[in-house]
Amino acid sequence: MDIFGYTIDVGEILEAVIPVIGQIILLLILYAIIVPIGKKLIERALNKASSRQKTSPGRMKTLEKLLVNLFSYVMIFILIVMLLTTLGIEIGPIIAGAGVVGLAIAFGAQGLVSDIVTGFFVLLERQIEVDDYITTAGYDGIVEEIGLRTTKIRSFDGTLNYVPNRYIEGVANHSRGNMRALVDIGISYNMDIDQAIKVLENICAEFQLDERFKDGPNAIGVQSLGSSDVVLRVVGQTENGLQWECERDMKKRIKEIFDQQNIEIPYPHQVILQK
Amino acid sequence: MDIFGYTIDVGEILEAVIPVIGQIILLLILYAIIVPIGKKLIERALNKASSRQKTSPGRMKTLEKLLVNLFSYVMIFILIVMLLTTLGIEIGPIIAGAGVVGLAIAFGAQGLVSDIVTGFFVLLERQIEVDDYITTAGYDGIVEEIGLRTTKIRSFDGTLNYVPNRYIEGVANHSRGNMRALVDIGISYNMDIDQAIKVLENICAEFQLDERFKDGPNAIGVQSLGSSDVVLRVVGQTENGLQWECERDMKKRIKEIFDQQNIEIPYPHQVILQK
Amino acid sequence: MDIFGYTIDVGEILEAVIPVIGQIILLLILYAIIVPIGKKLIERALNKASSRQKTSPGRMKTLEKLLVNLFSYVMIFILIVMLLTTLGIEIGPIIAGAGVVGLAIAFGAQGLVSDIVTGFFVLLERQIEVDDYITTAGYDGIVEEIGLRTTKIRSFDGTLNYVPNRYIEGVANHSRGNMRALVDIGISYNMDIDQAIKVLENICAEFQLDERFKDGPNAIGVQSLGSSDVVLRVVGQTENGLQWECERDMKKRIKEIFDQQNIEIPYPHQVILQK
Amino acid sequence: MDIFGYTIDVGEILEAVIPVIGQIILLLILYAIIVPIGKKLIERALNKASSRQKTSPGRMKTLEKLLVNLFSYVMIFILIVMLLTTLGIEIGPIIAGAGVVGLAIAFGAQGLVSDIVTGFFVLLERQIEVDDYITTAGYDGIVEEIGLRTTKIRSFDGTLNYVPNRYIEGVANHSRGNMRALVDIGISYNMDIDQAIKVLENICAEFQLDERFKDGPNAIGVQSLGSSDVVLRVVGQTENGLQWECERDMKKRIKEIFDQQNIEIPYPHQVILQK
Amino acid sequence: MDIFGYTIDVGEILEAVIPVIGQIILLLILYAIIVPIGKKLIERALNKASSRQKTSPGRMKTLEKLLVNLFSYVMIFILIVMLLTTLGIEIGPIIAGAGVVGLAIAFGAQGLVSDIVTGFFVLLERQIEVDDYITTAGYDGIVEEIGLRTTKIRSFDGTLNYVPNRYIEGVANHSRGNMRALVDIGISYNMDIDQAIKVLENICAEFQLDERFKDGPNAIGVQSLGSSDVVLRVVGQTENGLQWECERDMKKRIKEIFDQQNIEIPYPHQVILQK
Amino acid sequence: MDIFGYTIDVGEILEAVIPVIGQIILLLILYAIIVPIGKKLIERALNKASSRQKTSPGRMKTLEKLLVNLFSYVMIFILIVMLLTTLGIEIGPIIAGAGVVGLAIAFGAQGLVSDIVTGFFVLLERQIEVDDYITTAGYDGIVEEIGLRTTKIRSFDGTLNYVPNRYIEGVANHSRGNMRALVDIGISYNMDIDQAIKVLENICAEFQLDERFKDGPNAIGVQSLGSSDVVLRVVGQTENGLQWECERDMKKRIKEIFDQQNIEIPYPHQVILQK
Amino acid sequence: MDIFGYTIDVGEILEAVIPVIGQIILLLILYAIIVPIGKKLIERALNKASSRQKTSPGRMKTLEKLLVNLFSYVMIFILIVMLLTTLGIEIGPIIAGAGVVGLAIAFGAQGLVSDIVTGFFVLLERQIEVDDYITTAGYDGIVEEIGLRTTKIRSFDGTLNYVPNRYIEGVANHSRGNMRALVDIGISYNMDIDQAIKVLENICAEFQLDERFKDGPNAIGVQSLGSSDVVLRVVGQTENGLQWECERDMKKRIKEIFDQQNIEIPYPHQVILQK
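Residue numbers (the numbering used here), protein chains in the order written: chain W, 43 to 317; chain H, 43 to 317; chain B, 43 to 317; chain F, 43 to 317; chain R, 43 to 317; chain Z, 43 to 317; chain E, 43 to 317.
These aren't lab readings, by the way, just hints derived from the structure by calculation.
Be a bit skeptical, because a hint or two may be false.
Here are the computed lysine-lysine pairs in the BS3-like style, where the Cα-Cα straight-line distance is at most 25 Å [claimed, not checked]: (1) K103/R with K81/R; (2) K317/R with K294/Z; (3) K297/F with K317/W; (4) K317/Z with K297/F; (5) K82/R with K107/B; (6) K240/E with K297/R.
Keep in mind it's a predicted model, so treat the numbers as computed, not measured.
The shape of chain W in the complex, shown without the other chains (with noise of 0.2 Å):
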């Protein structure tokens, strides 16, 4: 063929075409088989982990489609670059470029990637639920709500925290099991202590008969010698978030008991030397 007096030889044409048409056509073939069976994997591992830590199905699923979105984005990008290089378009250029706008998104948005890297193992491992009560990152609440990328968390005071989830350095969570009831008791140093313990016991007693304790109360002896008074401890486990009424229960009652038995809660004292 002729064009402005310059032969296109159609033999070489097709010399130079058709290996890379054999390329692009076992790169579209790889791509055909490789895709479904990546999801395939990340759907059983799941299935696997999930069946292992009796997670909420809802839960697994906002994760699978997470991990499956990824890696479809992952594979129809090494896609396009690999179908650019077969067809001679050098993108190598284009990628050094991108580094560089890479790198300066890389440092500023490695936040980001940190938020979803906790958040996913966050919800993997079943930190928290919604309705916990946490503390976390210098926030204390209920959860209202675990994302990927922030955590919500409504203070006793209502106010609601947003908190990014690269902050949760460790979860203190107060909604698994149940939990110590604690009273000290400070009584006078002219009171004998056995029988304080004594009276204490009682009061324990009657407290081991409410359905709200799990084990205890007990009354466990000589806690501290204060400057003030003998510090007597009596602790308990208590049904998960009834400690703090248990505790002011047992506070009021204690109170009343020892005012009968004339047991004294001292005021600070001072000896004074006049000169």
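Given chain W's structure and the hints, the job is docking chains H, B, F, R, Z and E onto it.
Showing chains H, B, F, R, Z and E alone in chain W's frame:
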């Protein structure tokens, strides 16, 4: 054609030029196809996110504009790089050179990228709205303006605080839902606790009729056995923003009723032993 | 032409030289086109930003000069790199070498870049103006000068503080709008609260006529039930900068009126039990 | 063979294909040799480490499984990369592209790698075991579970704490060996120190018979001359976990004996000069 | 020419050598042109900066020497790299090798670069001068020497502090302009405030004649209503460095006059209720 | 030779193969020479360091083994890489791929390298020995084991602390040389200082005969004029580990002698003005 | 020459070998020239620095040895790399491989480089000398040894502290020049200030004759009006290391003279209002 006795073979030149022109056209077509599709995708993604989260249309437009601009700049950058490469102008060295400068800038300006990434999510997730009362990054006040880079917070004392978004490590938003009003009141160790609680419950009953209270208030019992007083606690839930007013009113009322009922709010006590 | 029996073929040389010259001319033309367009774009962008934010023309010029200079340096750098490449002088190694040095400098000098980036936005967003009273980076005082790298703050005690802009992690600007005057005043537990509040309201009424007050002051009620006193709070809004003066005047006035009305401002109280 | 008039020379193709096939076979053989050897080496290394440190077989299996998996993934990754390269599919760009993504992820996910590295050594070095009482990363309690990523600690008050392993900057393990019981007791400045120490030594003699004490307790002398009392110290070593109980019993006993012997535990003293 | 039966063709060698020589000459010419121009530019830039900021000529010389040295080293480095490249000695690997070492050093020595960059700007911007009294980096004293790497500060107690410049995160320079003298004085709650202020104003009038005071002093009113006293504040501006002396003199004078006028400076008060 | 009609030219193959074989032999020879020399050099360097610092032979062996192992691994790694390259198997991509993984691991595992580097120097410089009493990284106790990664410290209360070496930012070793015993003793303002110092000197004279004291103790004078007492200081130097015992004995002795001599150790004083 | 029927053409081989040999010789000559010149330059630079700063010759030798060693290692490294390259052994991959390892080590060992860089400047700038009393990195004591990596400081209580040089963020050297002795003494509010100052001036006059004082001491006036006393300040300058002794002597003398002159050093005062 002969120039200075140098023969220029048009055919050869064409042979060299034609594939270049072909590639350029291919690039331009690809660009013309990809850009509008990309913009559409951004719009749709934001619309979806918006409809799910009910963000105001003004906020949506800001985010859309930001993303579309960003996308356009990136696409133009890629187009220019590829055109230059096709024309045989080596841009590798420029990119490499820019890489050094880019590194310096990436280090120095990562804060800026962080600001924008954080700002974007603060806007998208509606963590704060103008006129919310929030605590973040050590500042505490009413939000006056939320920008992609900086958030303006007006403190209670009138100071206007400019907070770069990257320092927002967590937001405590005090304008989301009812707030708790809490009063701790100390009574004398000589008083009958039951009677005091009954008086408090009467006061609470009054306030329960108050429209500002959404729940309670209630006297919940003995909070602690202090060094000079028995501390009783009253808590309730009020409409957002009225909690301080309610606390002030309750404190005043409790003081008045306690005076009437001769319930002592004790001064600090000390026992003196003279030698 | 024969040199040392070595034949130089002018044609061949031309063949090699002509495309080089073509590329150089192309580069110079591109440069001549891009540079003035870039400068215009910077001017326009700044003018827009300026008109939106009403920044002073002096400030605008500083920013414009900075950006135009920066742009020129980058363009000249790119031009030189490309010319050298076209001339066949390999600059890859230089760039690579500079890369190592550049890395060291990038690490060490990132603070400088940070200073300028932060300084740029502090200027552009008008976060602070000369003569504003601000608190930032642990320093607190009147702004004397805002530079791209350093901000000078004159403390109340006369010290001149030089703050590199990168340490400005947030600015509390006390010169933006009205300020709050706040007086907490403790009265005796024996006093009638209603009467004391009435007295305070009379004093507030006096000050409400004072031009320095933009809003209030008002007596808002019982702030807390302290260990020895009932604390009442008075708040109002004053013109910027007059809040301390107003507070001083109100404290003096309250003390005088309370003396007249026999309302006791109590010393700390303690109950003594002697043994 | 002629296709579209394009001659395919089988010989030439073979010439190109044969070395490729040779390389592939070589790679597969190398892979088949290296992988089982590597696994064996890992097993042996762990067995050695295990026999030296007497770790439980369950723990050993966890570590072995982790390392063998890791090794397999790395080897498969290398195999695929090399096969693709041999087949002429350029993977440079993919890797470069993945490099950018990899960088972003490396920044964001370095915490995860840190978690696993730290977790690995915590397990391998037996720093903590389930049911140990430890203090780490600001949390303090009984270990409930040690994972590669997270360690669960049950606090004394019932809270369950999730600590990502990277925040374990040092472990204070309170369940390794005997613990010290320590009682500081203040006596009056008017008392004879020698007599008080003799009394304390008698009490110590009683407790030395107690099986819970592994060493002592002994009265070791005057710890300090306090502002109101002379402080004497008693120390002993008890079985792990019984130290608090022993301290409580000793405090009670000392208080009782001191009451019998009229040794005063003084209240704070103050000298008053009246004017 | 025949060597060992190996024919050396001078023409071919020349063909290879001539362009190399041409490039070398070009490089040397470029070097000879660029270096002096660069030095001139540095001198001029510094002269401009200097004339604008009135820095002492000695300081200017230090900075000029530093910059010219730096420039020369960089230019020589570039020249050598380019000459070697032209001679066909591959320096890529050296640079790459140096890159690894350079990275290690860049990480370790970034502090040194930071020191010099900060030191450069501290000198250029005249933030501190020898004999200034400054507070920076937790040290506080008189500047003895300002170096590019280290600043020496003599503390009040005689200690000589060496501060690497990078730790200078902000300089509080107490030797720039007048300083404030401030005296807070508490008077009894029983005193008449107006009378006390009048007395203070008389004392201020005396000191206003004192040459050390540049402004004031003035009695500005009731600073606070303390727990045992009404605090009045006196402020004035003194010559730099005399503020402490002035405060001492004012305190002495106020104490004497208050004694004369029977204005009580009260001890802490406490109300005692005996039971 | 003809295969499938494809002619294999032995000569050509040899031509390709011979230089490869030559290079492989060269590499193996180089390896065989460099490795034993390197090992010798390590041994010698350690022997020198050891003879200079008198470290125990056991410790030397640990370090030697570590370094020789490290050296061997690095040399084998280099050998394999070079052999593969010579054989024409491209390892560039593997290395690049490993680079991404390596980066992730480098970020995550840098702590491990830090541990080993610090541990190496702690061992080499003999900063701590087993049974030393040290304070480091917030832990304080007796060293039980020094490892390359972790150091075990037994606290006074019996806790066993595991400290990763990287957190050892400085070691306070309390088991290196004599320790100081220091007693501060307050006497009444009414006492004659000279007399009290004389009494203290007599007590010191007694203790100077004590073998536990290496220097002193001596009464060095008035340490401070406290709010209620004049504080005198006694210091001496004791054998390592006996300082607390000596201080206890001195406190007891001083109290006894002061009682004999009627030197008052005063309680806190306060002057009371009654209104 | 014929081997296995394969003709080796000596001429061709020479053609390939000769330029290589030429390059090797060139490299060796360059090495032989550059190394001694470099060493000379280091010596001279250090001699200059030394003569300017009068550092001891022993210290100079340590630094010289360090720098010459460093220089030699770098030069040998470069020589080997270049020889291998010239011989056609590709070292790119090794370097790349070492790059990954190097990165990991660079991250982990940057502390070591930091130690040496800081140590180098601490030595060069004579910031500390053996036997200086310094405060740095939270440690405080006498310098026992200054190393390139670690500095040993002996605390007052006898502890030997090992401080890695990188933690030396600033050195407070208490052994450079005269030190200040400072005594604050409180007198009763009832005392005549002028008389008390006169008495203090008499005491100061005595001490001014003392050889230990280089300047003063002088009574500089009323430092503060305390809650119970008027605080007067005496300051002077003493020989280095004698400041504590001088302060002790002055405190003792002031106490004695004040007793003679009936100047009261008051106890804390409190006014009591009884109800």
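Structure-based check of all given hints:
1. K103/R with K81/R: Distance of about 13 Å is within 25 Å: holds.
2. K317/R with K294/Z: Since the Cα atoms of K317/R and K294/Z sit roughly 40 Å apart, the hinted pair is violated (cutoff 25 Å).
3. K297/F with K317/W: violated, 31 Å
4. K317/Z with K297/F: It is violated: about 41 Å lies between the C-alpha atoms, which goes past 25 Å.
5. K82/R with K107/B: Between K82/R and K107/B the Cα gap is close to 23 Å, so the pair holds against 25 Å.
6. K240/E with K297/R: With Cα atoms ~17 Å apart, K240/E and K297/R stay inside 25 Å; holds.
Checked against the numbered hints above, the structure breaks hints 2, 3, 4 and satisfies the rest.
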